[in-house]
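Peer 1: Given next are the chains, with one letter for each unit.
Protein chains: 2
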Amino acid sequence: MNVLILGAGQLARMMSLASKPLNITVRAYDVGSKTVVDPLNSAISYGDLNAGIEFADTITAEFEHISHDVLAQCEASGKLKPSSQAIKTGGDRRLEKALLTKANAANAKHQIIESKADFDQALQTLALPLILKSALEGYDGKGQWRLKDLSQADDIWADIEAFFQGSKSSVKQAVIAEQMVPFDREVSLVGMRDVNGNTKVYPLTENHHTDGVLTVSVALNDNEALQTQAQQIFDSIANALGYVGVLAIEFFQVGDQLLVNEIAPRVHNSGHWTQQGADTCQFENHIRAVCGLPLGSGELVRPTAMINILGEDSIPNAILDIPSVSLHWYGKTKRAGRKMGHINLSATTNQALFERLEKVAMLLPEQAFSDIQQYARSLAANT
Amino acid sequence: MNVLILGAGQLARMMSLASKPLNITVRAYDVGSKTVVDPLNSAISYGDLNAGIEFADTITAEFEHISHDVLAQCEASGKLKPSSQAIKTGGDRRLEKALLTKANAANAKHQIIESKADFDQALQTLALPLILKSALEGYDGKGQWRLKDLSQADDIWADIEAFFQGSKSSVKQAVIAEQMVPFDREVSLVGMRDVNGNTKVYPLTENHHTDGVLTVSVALNDNEALQTQAQQIFDSIANALGYVGVLAIEFFQVGDQLLVNEIAPRVHNSGHWTQQGADTCQFENHIRAVCGLPLGSGELVRPTAMINILGEDSIPNAILDIPSVSLHWYGKTKRAGRKMGHINLSATTNQALFERLEKVAMLLPEQAFSDIQQYARSLAANT
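Here the protein sequences line up with chains P and W, keeping their order. Using UniProt numbering, read the first sequence as starting at 1 and increasing by one per residue. Using UniProt numbering, read the second sequence as starting at 1 and increasing by one per residue.
Just so you know, these hints were derived from the structure itself, not from any lab. Even glycine gets a Cβ: it sits at the ideal position worked out from N, Cα and C. One or more hints might be untrue.
[What the hints assert, rightly or not] DSBU-like cross-link-like pairs, simulated, lysine-lysine; straight-line CA separation at most 30 Å: (1) Lys109/P x Lys142/P; (2) Lys79/W x Lys334/P; (3) Lys34/P x Lys359/P; (4) Lys332/W x Lys79/P; (5) Lys200/W x Lys359/P; (6) Lys102/W x Lys200/W; (7) Lys79/W x Lys79/P; (8) Lys334/W x Lys200/W; (9) Lys332/P x Lys339/W.
[As the list claims (entries may be wrong)] Partial list, derived from the structure: chain P residues whose beta carbon lies under 8 Å from chain W: (10) Met1; (11) Asn23; (12) Val31; (13) Lys34; (14) Thr35; (15) Asn41; (16) Leu300; (17) Val301; (18) Asn317; (19) Pro323; (20) His328.
Starting from the given sequences, assemble the full structure and let the hints guide the process.
Peer 2: Have a look at this one:
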């Protein structure tokens, strides 16, 4: 069986690695160069998108910001899973909010802003502080604002107007204004739905971010009620989309309640720990789902966590000397802040896991990993 | 880092898959076509052995029957690990028996036969029944005899003489006569030794054979004394060879004693279960060892077993619906009896594992898997 993945980054690479043992051949469409490549060997090219569609029995995606004409062409072949609608929903906060309403999934109070009138209304109806995010992907690091005080309103509106004018997207840009949620922590659920509508989920993970980028995920196995709540939201959303494949939902946890922050219609960074901590990892389960195979279990095999490696292309070999540690590089060229790889680690108890996490973090170079070190120390100290 | 593997079969393929997350690039030397290939994409060729040696930082092997001139050329580059002597020892029962003597490892009483006089002496000094095996690899299914009664001696000697004359090996052929061991069961130990001489081992596995070919391995975690005995033998042998990499030792268990049957200087079929049942699988640990990285732990994560798929290129998808089951195809063309893939399965207890093993076996087509079904039933019934 042949699978074409739209996008040729580390997620396509890990799906390809997970597919080889199933005798499933994966090629990836690089949206930059507009060529089909082998995600394990970028020196090899297999032609253009048409050639990729021809090659594939099934087409899927590793990210949601894919141009709509590419999605349309893939959907017309009858091979695209999940649907272009599901992929677009992950790439457009307007569609995402509409989905959450349809699925009756709690989320932050918000308003869509496409004009000055919308902006003014948001200031009247929502409580400050607000976070404003571009509906479509931002560009050049732009597309996100925090409005804490009404005195900022004029400057921010001027900035948003300029942002709208600079947009090169073929789809009209917008901004979503959301009331800031005073959350206790950020958690996420990665789950999957097969072609027959069966769903399975992995345990919730607690996610730690550094400068807005995910740096640590820890699989949680100690809160059944929260897990049940998350799974119900997952089922509502996945069923509302008629989804096929792995889908991730990021939540704000406020007390005992989960508010959806955003969804990702694909394998997700907060699910990388499943390579060591679950029966069947998210990469294999996405491929199983889109190929019409039965889903593997999402059960936690043992407490497991993940550390992202950002902007570094080597770490001390001593890390590998710690038991139950496994290293995953993406084969990418070093660039500041770039996701270069991740470290998975497991242990027999949560306490042992947090101690191991601290041990691994303290072996990493302080300059690049100080925030992770601090978080790991706090986890180990609080158990 | 770049690794060249001598041999381009499923073991090289699985080492390549295990190497990608370490940013280690693996190419394989196909001894048949005498070309260097990508073990994950056989359509790609990278020239001859010289090109492969040039490419590699480290050279290793996936099997022991490699022509001595190839080994010599690789060893001359200073990159070969383990040594050519270790690889040759796995491919020549004379060297293997000398090693066992040097390492003081118990094994069957035996005699090397290179002439009629040796043969006659074996008949006088060893107790019948005997098993006679060619020292080097047999060919065309030849090279093994069972001598139960002296009346067979003349016919068998005639056959051995013809076998010697038909040998195309550049090394002089011989036969090893061994007293048959009345063993209780066959077990094996897979372990690894790093460049500094540190060793780690996986748990012993119980091995079941069908028509002389391994079909099921079950990791054993219930006999500490036997495990200690096996580890001591492993250390003696690996140290005697100055070994680097993964090394497998097959044993006959007779009561509480382990007699070495044979060694394999490489990753081994009875270690395939480590992909799901151990912290770090044998493929990654071999690559870590030969690349000078620290060894990963060999601890059992949970009870795990493996079923070989011989001569079949598809199995029912329902197998994938059973939790903790993972399927590993080798991407090979179907041929009767050929090792096409394997199934790993895990569970939380031995009892649950044996029940799951039976369940998986009973879903496999009876015609090809009846012996495995019978063995699985007996394991499930006896616990």
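Peer 1: Confirm or reject each hint.
Peer 2: Now for the hints, and whether the structure bears them out:
no.: 1; hint: Lys109/P x Lys142/P; result: holds, 23 Å
no.: 2; hint: Lys79/W x Lys334/P; result: holds, 28 Å
no.: 3; hint: Lys34/P x Lys359/P; result: violated, 43 Å
no.: 4; hint: Lys332/W x Lys79/P; result: holds, 26 Å
no.: 5; hint: Lys200/W x Lys359/P; result: holds, 22 Å
no.: 6; hint: Lys102/W x Lys200/W; result: holds, 21 Å
no.: 7; hint: Lys79/W x Lys79/P; result: violated, 47 Å
no.: 8; hint: Lys334/W x Lys200/W; result: violated, 36 Å
no.: 9; hint: Lys332/P x Lys339/W; result: violated, 35 Å
no.: 10; hint: Met1; result: violated, 11 Å
no.: 11; hint: Asn23; result: holds, 4 Å
no.: 12; hint: Val31; result: violated, 22 Å
no.: 13; hint: Lys34; result: violated, 22 Å
no.: 14; hint: Thr35; result: violated, 17 Å
no.: 15; hint: Asn41; result: holds, 7 Å
no.: 16; hint: Leu300; result: violated, 12 Å
no.: 17; hint: Val301; result: holds, 7 Å
no.: 18; hint: Asn317; result: holds, 6 Å
no.: 19; hint: Pro323; result: holds, 4 Å
no.: 20; hint: His328; result: holds, 4 Å
Consistency note: the structure conflicts with the earlier hints numbered 3, 7, 8, 9, 10, 12, 13, 14 and 16.
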